[in-house]
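Here are the chains, one letter per residue:
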Amino acid sequence: ETGVTQTPRHLVMGMTNKKSLKCEQHLGHNAMYWYKQSAKKPLELMFVYSLEERVENNSVPSRFSPECPNSSHLFLHLHTLQPEDSALYLCASSQDLPGSTETQYFGPGTRLLVL
Amino acid sequence: GNSVTQMEGPVTLSEEAFLTINCTYTATGYPSLFWYVQYPGEGLQLLLKATKADDKGSNKGFEATYRKETTSFHLEKGSVQVSDSAVYFCALILRGGNNRLAFGKGNQVVVIP
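In order, the protein sequence lines correspond to chains X and F. Reminder that position 98 of the first sequence reads as 98 in my numbering, one-by-one numbering, no gaps. For any residue, its number in my numbering is found by taking its place in the second sequence, counting from 1, and adding 1000.
In short, the hints are calculated from the structure, not lab data. Incorrect hints may have been included.
Said to hold, decoys possible - Some chain F residues judged to face chain X by a derived CB distance under 8 Å, without partners named:
#, residue
1, Gly1043
2, Leu1044
3, Leu1046
4, Lys1049
5, Glu1069
6, Lys1077
7, Leu1101
8, Phe1103
9, Lys1105
For clarity, every value in this text was computed on a predicted model and none was experimentally measured. Where is the CB? At the ideal position from N, CA and C, for every residue including glycine.
Please work from the sequences and hints to get the whole structure.
In structure tokens form, the structure reads like this:
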């Protein structure tokens, strides 16, 4: 399998549930990203991992908890979410080289609905 | 800061019409520029990119030219098809920066048969 894959593709959860989103990249990249795409809002960068270390957290609430166990896998753990967290969550990866502008490749996303 | 501005509102046009989506940018340095496309129910796919002034990115009949003098990267296609219906995002990465994409808000394009 090639590219960036995400599971599940769709998720419905209650506000008291705990769930996890999974992302896997098969491109040999060393950086991975979580984005949130809400209706009628620009794409929001949530977290960035480079060489398995979190290098950026853009003021994301603690009910979102990322995990990067290795350079190919990225998780987003969800706990006590709010209805306004309903959105499309996109994972991306790139080869992060200092001073470069490497292209980011995106997965298909997980469509999350919080009831 | 670094930002990307796309023209407001959806674009609706007939099959075989000419498409233009405007994109302008503000950057503190020398960016690389990208167009991504998002088909219904899918994630973002890289459509084309340009890394220096006067470069032209092209793919699937789409073209965009990096214009440093007007800080623009307008997307064009000479004859659209129904299958081109999607949301199109302009984006930049600042060279020598932190390698973070800055996206425009996106434009919904609807092509009518």
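Inset, instruction - Determine which of the earlier numbered hints do not hold for this structure and return their numbers in increasing order. - result: Structure breaks hints 5 and 6.
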